[in-house]
Each structure stands twice: as structure tokens, then as C-alpha cells.
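Could you put together the complete structure from these sequences and hints?
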Amino acid sequence: GAGVSQSPRYKVAKRGQDVALRCDPISGHVSLFWYQQALGQGPEFLTYFQNEAQLDKSGLPSDRFFAERPEGSVSTLKIQRTQQEDSAVYLCASSLSGTGGPQHFGDGTRLSIL
Amino acid sequence: DQQVKQNSPSLSVQEGRISILNCDYTNSMFDYFLWYKKYPAEGPTFLISISSIKDKNEDGRFTVFLNKSAKHLSLHIVPSQPGDSAVYFCAAKEETQGGSEKLVFGKGTKLTVNP
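If you're matching them up, the sequences are chains A and B in order.
Going by this note's numbering, the first sequence opens with residue 357, and the numbers climb by one from there.
Going by this note's numbering, the second sequence opens with residue 70, and the numbers climb by one from there.
Derived by calculation from the structure, the hints in this document are not laboratory data.
One or more hints might be untrue.
[Unchecked claim] Covered by chain A, per the in silico footprint, the following chain B stretches (three or more residues, Cβ under 8 Å): (1) 109 to 115; (2) 172 to 180.
[Claimed, not checked] Label-pair distances were calculated between CB atoms; the ranges are: (3) Lys-370/A <-> Gly-152/B: 36 to 46 Å; (4) Gly-129/B <-> Gln-440/A: 35 to 45 Å; (5) Gln-373/A <-> Gly-129/B: 45 to 55 Å; (6) Ala-394/A <-> Asn-96/B: 19 to 29 Å.
[Stated by the list, open to error] Partial pick of chain A residues on the chain B-facing surface, computed with a CB cut under 10 Å: (7) Val-360; (8) Gln-362; (9) Gln-397; (10) Pro-399; (11) Phe-401; (12) Lys-434; (13) Asp-442; (14) Ser-443; (15) Leu-447; (16) Gln-459.
All values derive from a computational prediction rather than experimental measurement.
Backbone N, C-alpha and C fix where the C-beta goes; we use that ideal spot for every residue, glycine too.
Encoded structure:
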């Protein structure tokens, strides 16, 4: 499709397990962003890629969170040793460049940690 | 501390009337603002934006007003339609490390348009 695609849409994991969330950005979009949205809150920035380079990871809450975009297209957000406070919707967004135009969001992955 | 604030969690209007959604910000370095609309179980959809060098931007039924001195912006929808019922997020662009511009979001306002 033409939009940002995220998978899986829903993920349930037990506390302590590792999870991997995938994002397929809009074709040709250089910039890719990950956001975390807790219930009743607005999305909060996690990290940013320009092509394959991770230029900003200041929003990652701990070293359990890791993101990669090895070929400058698909990105994966990995959370190790999950905890209950990691439960949230994880949104991926892409844009043509980092400094112009709106970011276009996927439908997110709802992560529930039991 | 919240840099982008949407103080009304919800708003209810009649179909055909005007909807006004408000947003305040604290960071004077913000220079570009956006409104997103979100339906349940979907991602935010871009609606309209405004640069800080302007005070108004219009796109069909949607108009965004920016009062830079008051650090306030508003989204006007006229006439409102039942399909406009959604959560509306105000966002501001902030330059980050690496030269990107991440979005800083408010908590959202749930708009209900009654037929």
C-alpha cells in the first residue's frame, strides 16, 4: 500500500520476554520516526533515522530499547526484557525529509505486557 | 513539564456549527505547528499545519490560527460534520540532535459532532 505499514498490530508478551516491532515506511521517505503513546496521552518521541543512520535516540526510555534501519527502509524497534510499563501503542512515522513536510503515521502496534 | 497543552479533553458540537479546538505552547523556539486527527485503532492523520511566520492557514473547512505573542493556536472546523468526530492532536516541531525535527504532541481533544 501507499501508507506506513506496521506489524504486528497487536502483541501480547509476558514480562521479561523480548519483542520486535516492524515498520515499513512510505517508499522514498528518507526520515523515519518512532513514537510511544500511552493511554490518554499524546505520542512521545523515541528515536529518528535519516536513511540508515540513527541520528537521534534521545527519547528511548532505557537501554532495553533498541532500534535499527539497516538498509534505510524497513525499521525494527526491539524491546528487551519487557516490563509492564512498556505497555503502550508504538507508532512509526515517515517523511520525505527531516525538516520539511508532515510526518505520516502508521496505525501502530499495541503492545501489552502481562 | 508539558510543552504543548490541550486543556480541553473533550468538546461536543452540533452538526453544521463551528468547532474550535485550542492549543497552548510554552517553548518559544517552536516554529511550525500541525494538527492531526485520530480515529480509534488508527494512527494520527495529518490535517493542517502552519508556520510561525504566518497567523492563519486555511484548507477547505479547516482553518488554523496562530497567535505567536500568546503562544496559542486554534483549529476551526466549519461546518462541523459527524465524520469529524475523532481525537485531535496539536503538535509542534522541535529541532533535535542530528538536525531532525521531532514532533511534540499535546494530550488531544476528543471532538464529538452530534447529528
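Cross-check of the supplied hints:
Under a criterion of three residues with beta carbons nearer than 8 Å to beta carbons of chain A, the stated coverage of the stretch 109 to 115 of chain B is upheld, 6 such residues being counted. A count of 6 residues in the stretch 172 to 180 of chain B with a Cβ less than 8 Å from any Cβ of chain A is obtained; the coverage claim is therefore met, three being the minimum. Hint check: Lys-370/A to Gly-152/B, Cβ distance near 40 Å, so the stated range 36 to 46 Å holds. For the pair Gly-129/B and Gln-440/A, the beta carbons lie near 43 Å from each other, so the given range of 35 to 45 Å is met.
Gln-373/A and Gly-129/B have their C-beta atoms about 47 Å apart, which keeps the hinted 45 to 55 Å range intact. At about 21 Å, the beta-carbon gap between Ala-394/A and Asn-96/B stays in the expected band of 19 to 29 Å. Annotation: Val-360/A was flagged as interfacial toward chain B, and the flag holds, the nearest CB pair being 7 Å apart, inside 10 Å. Proximity of Gln-362/A to chain B holds as hinted, the smallest CB-CB distance being about 8 Å (cut-off 10 Å).
Checking Gln-397/A against chain B: minimum C-beta separation of about 6 Å stays under 10 Å; hint holds. A hinted interface residue such as Pro-399/A counts as satisfied when its beta carbon comes closer than 10 Å to some beta carbon of chain B; here the least separation is about 5 Å, so the hint holds. At about 4 Å, the closest approach between the beta carbon of Phe-401/A and any beta carbon in chain B falls short of 10 Å, and the interface hint on this residue holds. This hint is violated: Lys-434/A has a C-beta 20 Å from the nearest C-beta of chain B, more than the 10 Å allowed.
Below 10 Å, beta-carbon pairs count as interface contacts, and Asp-442/A has none with chain B, the closest being about 19 Å; its hint is therefore violated. Proximity of Ser-443/A to chain B is violated relative to the hint, the smallest CB-CB distance being about 16 Å (cut-off 10 Å). Against a cut-off of 10 Å between C-beta atoms, the interface hint on Leu-447/A holds, since the closest Cβ of chain B lies about 6 Å away. Annotation: interface hint on Gln-459/A holds; nearest CB of chain B at approximately 6 Å, less than 10 Å.
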